[in-house]
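Assemble the complex: chain A is given as a structure, and chain B must be docked to it using the hints.
Listed below are the residues making up each chain.
Protein chains: 2
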Amino acid sequence: MKCEIIAVGTELLLGCILNTNAQYLSEKMAELGIDVHFQTVVGDNLERVKGALKAGLQRADIIITSGGLGPTDDDLTKEAVSEALGLKLLPHEPSLTKLKEFFKKINRPMDECNLKQGYLPEDCIILNNNNGTAPGVMLDKDNKIIVLLPGPPKELIPMFEDSVYEYLRKKSNSLLKSRTLRIVGIGESNIQGILKDVFDSQTNPTIAPYAKSGEVHLRITAKSSSLEEADRLIEGLEKTVRERLEGNIYGTDYETLEGVVNKLLTEGGLTISCAESCTGGLLSQRLTSVPGASKCFMNSIITYSNESKEEFLGVKHSTLEKHGAVSEETALEMAEGIRRVSGTDVGISITGIAGPDGGTEEKPVGLVYIGISCMGATEVHKCLFTGGRDKIRYNTSTKALDIIRRILLKKM
Amino acid sequence: MKCEIIAVGTELLLGCILNTNAQYLSEKMAELGIDVHFQTVVGDNLERVKGALKAGLQRADIIITSGGLGPTDDDLTKEAVSEALGLKLLPHEPSLTKLKEFFKKINRPMDECNLKQGYLPEDCIILNNNNGTAPGVMLDKDNKIIVLLPGPPKELIPMFEDSVYEYLRKKSNSLLKSRTLRIVGIGESNIQGILKDVFDSQTNPTIAPYAKSGEVHLRITAKSSSLEEADRLIEGLEKTVRERLEGNIYGTDYETLEGVVNKLLTEGGLTISCAESCTGGLLSQRLTSVPGASKCFMNSIITYSNESKEEFLGVKHSTLEKHGAVSEETALEMAEGIRRVSGTDVGISITGIAGPDGGTEEKPVGLVYIGISCMGATEVHKCLFTGGRDKIRYNTSTKALDIIRRILLKKM
Numbered sequence: 016m017k018c019e020i021i022a023v024g025t026e027l028l029l030g031c032i033l034n035t036n037a038q039y040l041s042e043k044m045a046e047l048g049i050d051v052h053f054q055t056v057v058g059d060n061l062e063r064v065k066g067a068l069k070a071g072l073q074r075a076d077i078i079i080t081s082g083g084l085g086p087t088d089d090d091l092t093k094e095a096v097s098e099a100l101g102l103k104l105l106p107h108e109p110s111l112t113k114l115k116e117f118f119k120k121i122n123r124p125m126d127e128c129n130l131k132q133g134y135l136p137e138d139c140i141i142l143n144n145n146n147g148t149a150p151g152v153m154l155d156k157d158n159k160i161i162v163l164l165p166g167p168p169k170e171l172i173p174m175f176e177d178s179v180y181e182y183l184r185k186k187s188n189s190l191l192k193s194r195t196l197r198i199v200g201i202g203e204s205n206i207q208g209i210l211k212d213v214f215d216s217q218t219n220p221t222i223a224p225y226a227k228s229g230e231v232h233l234r235i236t237a238k239s240s241s242l243e244e245a246d247r248l249i250e251g252l253e254k255t256v257r258e259r260l261e262g263n264i265y266g267t268d269y270e271t272l273e274g275v276v277n278k279l280l281t282e283g284g285l286t287i288s289c290a291e292s293c294t295g296g297l298l299s300q301r302l303t304s305v306p307g308a309s310k311c312f313m314n315s316i317i318t319y320s321n322e323s324k325e326e327f328l329g330v331k332h333s334t335l336e337k338h339g340a341v342s343e344e345t346a347l348e349m350a351e352g353i354r355r356v357s358g359t360d361v362g363i364s365i366t367g368i369a370g371p372d373g374g375t376e377e378k379p380v381g382l383v384y385i386g387i388s389c390m391g392a393t394e395v396h397k398c399l400f401t402g403g404r405d406k407i408r409y410n411t412s413t414k415a416l417d418i419i420r421r422i423l424l425k426k427m
Numbered sequence: 016m017k018c019e020i021i022a023v024g025t026e027l028l029l030g031c032i033l034n035t036n037a038q039y040l041s042e043k044m045a046e047l048g049i050d051v052h053f054q055t056v057v058g059d060n061l062e063r064v065k066g067a068l069k070a071g072l073q074r075a076d077i078i079i080t081s082g083g084l085g086p087t088d089d090d091l092t093k094e095a096v097s098e099a100l101g102l103k104l105l106p107h108e109p110s111l112t113k114l115k116e117f118f119k120k121i122n123r124p125m126d127e128c129n130l131k132q133g134y135l136p137e138d139c140i141i142l143n144n145n146n147g148t149a150p151g152v153m154l155d156k157d158n159k160i161i162v163l164l165p166g167p168p169k170e171l172i173p174m175f176e177d178s179v180y181e182y183l184r185k186k187s188n189s190l191l192k193s194r195t196l197r198i199v200g201i202g203e204s205n206i207q208g209i210l211k212d213v214f215d216s217q218t219n220p221t222i223a224p225y226a227k228s229g230e231v232h233l234r235i236t237a238k239s240s241s242l243e244e245a246d247r248l249i250e251g252l253e254k255t256v257r258e259r260l261e262g263n264i265y266g267t268d269y270e271t272l273e274g275v276v277n278k279l280l281t282e283g284g285l286t287i288s289c290a291e292s293c294t295g296g297l298l299s300q301r302l303t304s305v306p307g308a309s310k311c312f313m314n315s316i317i318t319y320s321n322e323s324k325e326e327f328l329g330v331k332h333s334t335l336e337k338h339g340a341v342s343e344e345t346a347l348e349m350a351e352g353i354r355r356v357s358g359t360d361v362g363i364s365i366t367g368i369a370g371p372d373g374g375t376e377e378k379p380v381g382l383v384y385i386g387i388s389c390m391g392a393t394e395v396h397k398c399l400f401t402g403g404r405d406k407i408r409y410n411t412s413t414k415a416l417d418i419i420r421r422i423l424l425k426k427m
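Here the protein sequences line up with chains A and B, keeping their order. Counted from 1, the first sequence has number 360 at position 345 by our numbering; the numbering is strictly sequential. Counted from 1, the second sequence has number 16 at position 1 by our numbering; the numbering is strictly sequential.
Don't take each hint at face value.
For identical chains, the list gives no copy identity; a pair is met inside one copy or between any two copies.
To be verified - Below 16 Å or equal to it, Euclidean Cα-Cα: the simulated EDC-like pairs (lysine to aspartate or glutamate) are:
{"id": "1", "residue 1": "186", "residue 2": "76"}
{"id": "2", "residue 1": "337", "residue 2": "170"}
{"id": "3", "residue 1": "426", "residue 2": "394"}
{"id": "4", "residue 1": "227", "residue 2": "26"}
{"id": "5", "residue 1": "192", "residue 2": "351"}
{"id": "6", "residue 1": "211", "residue 2": "88"}
{"id": "7", "residue 1": "406", "residue 2": "170"}
{"id": "8", "residue 1": "69", "residue 2": "42"}
{"id": "9", "residue 1": "227", "residue 2": "170"}
{"id": "10", "residue 1": "337", "residue 2": "360"}
{"id": "11", "residue 1": "278", "residue 2": "215"}
{"id": "12", "residue 1": "337", "residue 2": "322"}
Hints listed in this document are in silico derivations from the structure and should not be mistaken for laboratory results.
Chain A extracted, bound-state conformation (with noise of 0.2 Å):
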């Protein structure tokens, strides 16, 4: 089965809001084993509501219209459905009857274009709205389903959820279950090149990647009509992936790279402390922004200037003098000296230029030193990251959580 999103309002296109209703509708399509093609949103405009209605219903199977149901004028989703299927509106006694008792109870004066609210297309099926004056409408004939959604998540995902998911479920013959691998420390094109016999064969399930800022997502989706089968069929393709890819997959689903590194550290029972100097705190951001990281997450010190860097790590004048504050060597002192200071069981340290300014020849613009210090050993990694200020920073942040990782994992 093929179904198409459409949402109806202006706001939409004047990009005042998000067309976040699209993105869980389409959630929940795939969920149900039914394929979205298209997502369509279309003004508060009569004709081009129903041309969009046309589009639609000539290649699917399903529409679901979120907006355009409320009192007003330019409120017109309803119209332009009727008057494509040659419907016509109703008046609906309970919804007219609920609407006045409605403003009754909220103690105000009701408006003459609020009855509109009341009429709805012939032989629909209502769907109750509790949490708004909208009741929704959904049509079922001729072998195509049409559902008519209140545009506010508040009310949509609600009434969605209790009168329609079940409605199509039934309806679905077909179950499609996703999981996803992430990956960290590989590009894209790089795995691509490694499973392209994987790509090159897919057909159930598919695999599929997604470049996500310094790292990638593999999703592996399986179709079929039982959960344990789908289980089944994504476990064979993921091994395959997994023998391939092996220490790149730090995780699945939902995990966070820094979720992960975070219950590496409380499993092993171990406290880290980071010392930071390009990132300026971005690490021990994302390492803190773990709910319950306070078991493993010590303190951090971040040295701007050089003199911090002798002050609160220890690093020595001759090293900076010598090699400079963007050196193996600094790098080194300063995963140390945060050790030390902090008495951790893990020191990580990071010293880069992340430009714009500040790069010369030898030490230019993305060159970044990662020390670590962690159970009697220091090792440093020499990085040069691409592009703008913020990607060198975030990448780094997450090349320094993916070394922690590693090690994490190599000495447990």
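Frame of chain A, contents of chain B only:
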């Protein structure tokens, strides 16, 4: 002029990601006085992308696509456009060279599929990508403009701003000029109340509020035949707004709160250091996200544990015991402590409960104390934020930046 926005990507149709690009581009079109009649989302399928393009070309003058420019087989926006318009894809030597250099620089093997990114439609304008490997493409022929942008917002936004905005501005024959007043410390509905008469009577210029995490942006837009006239119109309305909201307006257009604070510090020849607890480095990270921050930002200490607050900042053991880590007294000693150990002009401290756990009846989740020690005086602000962990942390950092801003303005 009419524009249609087409986002290409199966991940959007599966609900994995939100279509923030469509919102961003729609907002920019509104700014340029270009009408958007449709936004479409289509999957990674050659025939359907071609179909969407053809439909768009029939009803719009400008088509902007996002996504599908990457190296993999399911990236096919360029292919679809070329086929729809009957254009050849030709190798573009500078782009190919750039690609090869990129892979050499990051010291990773280049997979054959990456070369695809260096093939571009004949007669196109190439849009440089400074934040990724896929160049963008602009075609301007037969009175239609087609712009192909990469999907990741970190690549799309700078590319649009650097290479597309000005091009379209020149094409749009109604001259629209906007100025955004950036506001902090007051909510959107409050602003609506204070400016009710202004909102109700707006014609030209128009005024629209946009709530952005912890801030409100008020956009004033004037339509005119000359830039000078537009400026005059904007200035008239801006004067009224400034009179009523003065202290809350921290900047205009693309100024950021961290940028304004950095500027005030640098201009005053002042240095700053931070002591962060619940924000875990977020304030420091924002302060150092501004290029050239090293002129004023010296160092920060993130003290997550009580011990580190005593050891690194000299917070008294008795203070922590009597009042707790989240208290006015601790915030005060942290602010004075970081200023003393860092030898800076300004010391700022944050201690609070970001949640989701750790709250009590007396000290609920969202309770935060922000201390600032500056030119001989120290003050502490007690705040209560709502929302989840991320929102509490972010709004805390915004509040801290605003406190620094207001004190610097008062003292200078």
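Evaluated hints:
| no. | hint | result |
| --- | --- | --- |
| 1 | 186 - 76 | within (11 Å within a copy, 40 Å between copies) |
| 2 | 337 - 170 | neither (51 Å within a copy, 38 Å between copies) |
| 3 | 426 - 394 | within (14 Å within a copy, 46 Å between copies) |
| 4 | 227 - 26 | between (25 Å within a copy, 12 Å between copies) |
| 5 | 192 - 351 | neither (46 Å within a copy, 55 Å between copies) |
| 6 | 211 - 88 | between (53 Å within a copy, 10 Å between copies) |
| 7 | 406 - 170 | between (25 Å within a copy, 10 Å between copies) |
| 8 | 69 - 42 | neither (24 Å within a copy, 27 Å between copies) |
| 9 | 227 - 170 | between (21 Å within a copy, 12 Å between copies) |
| 10 | 337 - 360 | neither (29 Å within a copy, 30 Å between copies) |
| 11 | 278 - 215 | neither (36 Å within a copy, 54 Å between copies) |
| 12 | 337 - 322 | within (15 Å within a copy, 35 Å between copies) |
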